[in-house]
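2 protein chains.
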Amino acid sequence: MDDVVPTVAVVGGGLIGGSIALAARRGGAARVLLTDRDAAVRDRARALDLADEVVDDVPGAVAAADVVVAAIPSAAVAEVLVAAARHAPRGAILTDAASLKRAVTAEVTARLAAEDLAPGRYVGGHPMAGSERNGPEAADGTLFQGATWVLTPTEATDDAALHRLSALLRGFGARVLALPPDRHDELVAIVSHLPQVVASALADVAADVVAASGEVVLAVAGGGFRDTTRIAASDPDLWVPILSGNRTAVLEALDHYRGRLDEIRAAVAADDAVALRRVLDRAARARRRLVPKAQAAEMVDLVVPLADRPGALAAAATALGAAAVNVEDVSMRHAEAGDRGVLLVRVAADTAARGRAALVAAGLAAHVEPVASDVD
Amino acid sequence: MDDVVPTVAVVGGGLIGGSIALAARRGGAARVLLTDRDAAVRDRARALDLADEVVDDVPGAVAAADVVVAAIPSAAVAEVLVAAARHAPRGAILTDAASLKRAVTAEVTARLAAEDLAPGRYVGGHPMAGSERNGPEAADGTLFQGATWVLTPTEATDDAALHRLSALLRGFGARVLALPPDRHDELVAIVSHLPQVVASALADVAADVVAASGEVVLAVAGGGFRDTTRIAASDPDLWVPILSGNRTAVLEALDHYRGRLDEIRAAVAADDAVALRRVLDRAARARRRLVPKAQAAEMVDLVVPLADRPGALAAAATALGAAAVNVEDVSMRHAEAGDRGVLLVRVAADTAARGRAALVAAGLAAHVEPVASDVD
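Protein chains in written order, with our numbering: chain H, 1 to 376; chain P, 377 to 752.
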């Protein structure tokens with residue numbers, strides 16, 4: 001019962017705030033209140049039933065809160081959390097979801113201390129999940145499942161606040177990772193801000209080519225281009241302050257990146273296949289290592305021949321769900337004309353025997369196969 | 377009946393060859409034969425029932441073929457297609473799926489001409505679809521649905537070969553885009569080869585950070601990093617020959633890219649929010665233009681009287697391709713004896729004016745007509 005959080009107040013009804021409200025309702029909170037300074041967003045949040053109650057202002061939202069989450073632009077976090085602290089119970093935990101932590105953590109802590117508002121209950125946070133979509137309509141209560149949620153406690157942070165907040169976030173399905181604020185900002189420069197610049201520069205090259213010689217370049221673009229540029233579609237209004245606010249670390253990451261790019265360029269220019277292969281191979285191995293541990297579990301395929309029977313796929317999926325087997329991927333192998341084909345269900349190897357037994361119990365044939373190699 | 381392709385022979389039983397065989401069975405071909413020089417791949421293809429018949433060698437596969445597709449590494453294409461031409465009916469269309477088109481097209485055409493094997497029936501091809509999976513088990517008959525399939529006809533290409541092959545590929549669900557071989561190679565340098573280098577350099581930076589300070593950077597990496605580096609995990613053995621073979625265009629694309637990257641770096645370094653916003657916004661708008669068009673677009677016909685001039689269809693098709701006009705359908709209206717007739721090119725209505733202008737610029741007459749209704 002230690003970990004029960006009776007009341008969560010979310011300030012901000014956008015993608016992240018709305019998703020936090022929904023996640024809190026799904027797991028861990030008895031009551032969820034939401035507010036947004038924009039009345040239209042409040043109306044949309046109400047219509048979407050994102051929270052138990054959508055209220056008009058911060059004091060109303062936080063009056064009985066155990067945890068207050070500010071899911072709003074960085075520049076507004078300190079002001080809103082100080083206002084919340086004035087109106088919330090003195091034991092309420094305060095957190096935020098801003099993309100940079102060093103400056104926000106220092107400012108919130110200093111301002112709470114200056115007003116004797118118990119600064120130790122503030123724990124900076126940053127969920128490493130998102131979407132190129134925006135607004136309350138994009139809210140998704142499963143957004144944080146399996147995602148890392150960085151918390152940035154300092155020496156000033158109360159142990160109990162960190163403990164209870166971590167438990168709440170684990171209830172969202174998130175994996176909590178505690179880092180000092182400075183370290184967080186250095187790491188996101190590499191794995192978040194640098195990719196944004198890299199993707200934007202690539203999309204900008206395509207924009208130049210479109211301007212110079214028409215849209216044919218976009219017609220030729222396949223999945224690789226789409227993936228590599230996806231985040232370039234993100235809202236510039238979000239990214240300008242992030243890149244500016246983390247300027248030193250971003251420039252360092254960019255210079256590191258340009259060095260690697262130049263190494264590849266030199267190998268191509270010299271037609272040095274050995275050097276080129278060395279870099280590409282190092283990168284390929286790195287990318288394969290970057291698979292998070294939870295997803296790096298050995299995978300196998302459950303091979304399920306589907307008879308020509310209505311509902312066979314649904315039966316297979318629900319049998320696996322009832323046996324608590326997570327389905328990592330599903331594909332169909334269409335064998336012969338007229339045949340329903342073969343269903344391939346990718347699962348963690350350590351759940352395969354349980355999954356197979358569940359399928360057999362549901363009257364389906366199933367066997368386990370190693371995953372087909374990525375390389376011929 | 378014009379568009380029926382009775383027999384398709386596929387050489388190569390990997391992801392692309394297997395998918396072509398399955399797609400041909402689903403739509404457009406009466407009979408599909410497959411071969412692979414590797415007996416183990418042939419056995420797997422047989423077990424997976426990828427084709428009506430899996431045969432042991434190229435002569436056996438192509439003996440009665442109407443279309444021969446070589447879905448094999450670039451270096452082997454010319455040899456295999458010349459061998460196929462020696463054993464296939466003289467009217468059989470020859471095509472390939474190699475990632476670069478300039479050198480392959482020139483070599484195949486020259487070698488077919490040297491042996492008097494009717495070089496006009498060769499049409500280079502490159503389906504802009506793939507998967508991180510490989511091998512016959514990854515074959516998917518729906519892989520090309522909605523994908524662009526570039527064809528690279530030249531002045532030497534027979535109109536009939538281009539016409540029939542386009543119809544077959546549309547039967548796969550692909551959108552056919554005709555481009556000169558050189559132009560294809562320039563464009564893929566930007567939308568395929570450059571993203572590969574960009575992603576590899578980024579993964580390589582992360583590898584350095586892991587080496588220097590541990591795996592925590594992996595835990596912080598979210599969806600943006602994963603998307604932007606996904607293709608870095610690709611097989612270096614595939615990429616070294618592509619980057620080397622398209623060296624000049626790749627270097628040009630890389631230099632263009634570095635210019636854009638430097639522009640962003642300068643804006644960050646100067647803390648120039650206006651300049652930074654301008655670049656990010658331009659990139660975001662470019663990326664958003666990639667969203668596929670609604671499939672219910674209104675269609676019209678471009679009506680192109682073809683003079684009795686070899687290669688007129690290729691000229692029309694490449695002119696439309698260069699203007700990024702997807703050809704949804706092609707038919708011929710044979711007006712008078714002795715006349716080459718009139719070409720009807722079905723295109724989306726919102727691309728018709730652009731397409732007509734491109735045809736006129738290429739020296740062809742063209743006008744736009746509503747699609748003839750089947751029902752009054």
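Accuracy of the hints is not assured; some may be wrong.
Pulled a few chain P residues facing chain H out of the computed Cβ check, cut under 7 Å [as the list claims (entries may be wrong)]:
#1 553
#2 571
#3 577
#4 585
#5 587
#6 600
#7 606
#8 618
#9 619
#10 630
#11 647
#12 653
#13 662
Hints are computed from structural coordinates only; laboratory data are not their basis.
In this text, a Cβ means the ideal position worked out from N, Cα and C, and glycines have one as well.
| query | What hint numbers does the structure not satisfy? | reply | Per hint list: 5, 8 violated.
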